[in-house]
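So the protein sequences, as listed, match chains A and B. Each residue of the first sequence is one higher than the last, beginning at 3 in the working numbering. Each residue of the second sequence is one higher than the last, beginning at 114 in the working numbering.
Hints in this document: simulated from the structure, not taken from any laboratory. For glycine and all other residues, C-beta sits at the position ideal for the given N, C-alpha and C. One or more of the hints may lead you astray.
If the Cβ cut is set under 8 Å, some of the chain B residues that face chain A in the computed set are [stated by the list, open to error]:
(1) V138
(2) Q163
(3) Q167
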Amino acid sequence: MAVSATTPLQLSGESSTRTSGQLLRIDPLLMFAAVALSACSIVVLHALNVPPYAGEYKRQAIFAGLGIVVALVISRFDYSRLRELRYVLYGLTILLNLAVFAFPAPGGSAGASQRRIPLPGFSFQSSVFCMVLLILALSAFAVERSRRVGEHRTIARILLLGLIPAMIVMAQPDLGDALIYGVISVAVLFFWGTSWKHLAALAALVVAATVIVLTVAPTVGVHVLKPYQTARLTTFLNPNCNPNRDTYCYQLHEGLIALGSGQKTGTGPARASQATGGFIPEADSDFIFATVGEMYGFVGAAVVISLYALLIWRTLRIVMIAKNLYGTLIAGGILAMFMYQIFVTIGMNMGIMPVTGIPLPLIAYGGSSVVTTFIAIGLLQSIHVQARMSSAGKARALIV
Amino acid sequence: MLGPTPADDRTPPMTPQLALRVAFVGGLALLMFAVIFFRLWFLQVLTGSQYAAQAQSQTVLSIPVPAPRGEIVDASGQPLVQSVPVPSIQIAPRSLPGGGATLDLQLKQPVVIPQAAEVVMARLAKLLGMSDAPTRCTYTVYIANKGPQVSHVQLSPIACLVAQSVAQSQYGNATVKTDVPTYIQDYIGERQTEFPGVVSQDTYQLKYTLGTAGAQLFGYLSQVTPAEIKDKIYKSVQAGDVVGQSGLEEQYNQYLQGVDGSEGVKVNAQGQFEGYAKATAPLVGDTLKLSLNAALEKVGQQALATSIKANSSLGADGGSFVAMDPQNGQIYAMGSNPTYNPASIANGIPTKEWSYLNNPANHEPLLNRAIQGAFPDGSTFKPVTATAALETGVWKLGETFNDYPGRLFCLPGAPCLSNAGHANYGVVDLQTAIEVSDDEFFYNLGRLLNGNPANYPKGFPLQAWARRYGLGQVTGVDLPGESPGLIGSPTLQTALWKQELECQNATGPYKGDPKHPAVMGDFGNEVLSGGCGIANASYWTIDDNVETGVGQYDDQVTPIQLAVVYSAVENGGTIVTPHIGSEIQSPTGTLVQNINPAPKRKLNINPAYLAAIQQGLYLAAKGPQGTSTDVMSSLPLPVYGKTGSAELNATPNGPTDGWYACYVPGTATRKPIVVVVDIERGGYGTSSAAPVARQILSQFYFGKPGPMVGLG
């Protein structure tokens, strides 16, 4: 270990000019995308200011403000130092996800099942927060073993490290977030440099597992997933389902009606009957994209999608320019998390993806998700700042 | 610089391998964004209008507002049935205190009425003088895919009305009481805090200006049933609509119905009220103008009742009349007795009233006997027999029959027959036979007209002529439920014999009924005693044809059919289509449609033969020996009329129906009329039916009914 264990998790205050220089070195487009998406979220939630969503826009604004500050603060630190804390981070991932079992599962229909840790004035969804912790920890473990990229054992070990918290989250039960943990694990392996052969084997394994879980196991009487979970994953494949009988079919159906009825320019907030009349299920979170589509039409939805495209492009770019492997892996994990959340959630709203309770980053209402996403943005900015500083240093050295 | 960088950090960040992988993920992202964009374009731009329509349909409920029914007016435009607003008290279920009366389909008792609402209803009951005691209440909730759910609960009468209304529609008002004094409306209006949810509003009710006269003509209304809605007559009717269920209200429902308006109500996903959307005003139904003469209708109905009462000692218990233009079939008046008050059942039928009206012991007041009461018509059938005899040539004009004193009409194997009261009329020709109603003369014609293949290769001429005159089939009058009647014939005999055997042995349609054993003849083809009395033999005899020729036994004729027969005699053989509607008018009075059904056919009858029959009919009403001369001679009109006294069964001195069929021809007046009267169990036609016809004629031509002549 080259880095001194005593070095605190902050940059030694070399000079105030350095700090202001650092702020200038953040990626302005990435920041713009994140802040603009948050602004969109507040606008939509403000338009959706009816029970049971009344007042959410204010809380969302507070979360976003808090998130921006957190992101800016994080961008000032060198993420590389977090590598040392990998055991702590991994331990926290496991602990926080286990902690929710101390609190009762929310009542209501099967499906609205994310467990939370109730805090005064705020309930904390640990499975979401821990996504970032897992990215940091897994990336660190991967960097540790970066000289043994080709080894089966290493791949298996990293996968296992990812699967343990995923299993815990699945037991909460939160299938959607558990799948994100899996995606993060695969993404870290992917950018780490796992060979295409191994990746192909892994893909084959995933396909086989899916087939077994969804079709083979139930026919022999083994139910890995609860029936409602299977229904969530498969309903979208059946366009002729009956919305009067099947909850997920109803949700998909209502989402499509709302989204489609926005047409080119939207109904406007005042006439968005599907969102404000309660026809869209979870119009503030899981199906908020349908709300956007109904209120602001193709134009509004396209703006949101464009901002996500900007977010993904800047994240991809940070994956490339990171000054070290750790940065690459963190950025890669975050990229996978974003892409999965964006495509699965928007796809679900459009009836082409399974019904999973995954928040749409920055747009969906929810403190845990917004703050976690901004933590991820902060980490990306930190990677960006460090990369720019290191290349600037090199440049300065060349000039001198 | 920060000093020496850690060894692991020195890994070059941008290897070709990483570049490939970033490109791979970038390509994946690009692909996904493309999919999302195109899907979004498809959903919102290409097919967005479909989804917008779906969104609209699930957020705006359309609550039907029933249209006021169109008026029915008589020939002079005088209203007979009117939809008039009456001051009423209603309850708006949603505005009741305690959250309002609402539907909760999860419950056994799906309509939920809060305690606070019951207090208001109790207060209202006291004010309106209604009971507050819980009684059995039944209401039906219709649920898509589940069908009707019927609930029986104990509720106060007002709460029951509210529950029934909510079960039907959560948004409509429940009418608690109609025709309330205006001071009650004012009292409630001034005390809205005491009566939250109670509304003073006018509701539409049907008003009948003729009272009980012609009740069956107009018919009653009630909510359409799911089975009825498929009926062609109810086209453009929607579930829940109130429609005409009989009479003209049913026949002309599509015009009288109007077009329901709607009230748009915005709701959320839970079906909760969120505001009002676009409303459409209802369009009042068209006006149905009849050929009916209101004054004549009243006089006829009154005379009918008087005659039935006067002959009640003979067993008279019902009857009917029809007055019609013999040249085009326009009905001037039509009545049936016993009758009922249509207003009492038009706006919701009380159960008690309904069971009274349907109890056979009360002689079925709902029945329109003029079109539904098919009975043997006795001697009024004779013009048909006369036509058949002359046209087939079995009897010649001027040919005579010697009805010598003491003559009986005897056929082998059958009891001898005589004239009524064992009279004999000497040597008679056809005209005289009609004038005096010589039965033995017509028995003879019946014998001659029996379907002997040697004489009649084409079958049975009497039955053929009866059919040509329109008997044994519906006339096509514009009223629902018309009876086709029957004409005795070998085919009918075979059908009746089959029924008789089934009834005796309790098989076929009689399965489950008690058996009716009979003593049968040697060949098992005739009943000697016992049995059901539907038919007494399997075979047709000359005697049967003889009886058919004088309108007895199996002949079943309705007054409207007989009116068509006598119209044909009057007008030279045209079989008119009787109709009571004359025009459909828009509510503002412009013509929508003329009702002018074409005649069914024109019979080819030798005018000389018709003239002879007409002369016989004239003599029967005006001649020295005419059967109704007593009644008609003092009426200064050229009346052509025939009495009928039909035995209802073979019992000697059993009950007889009294008939009278007559006309004043178009050759004598510009307003010809045909009148048919039937008094069930009224005895002789001359003393029961003819006096009623006389008053109808008098009213029609002189504007006053004049005296009741020759009654009883």
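Here is how each hint holds up against the structure:
1. V138: 7 Å, holds
2. Q163: Check passed: Cβ of Q163 (chain B) comes within 7 Å of chain A, closer than 8 Å.
3. Q167: 5 Å, holds
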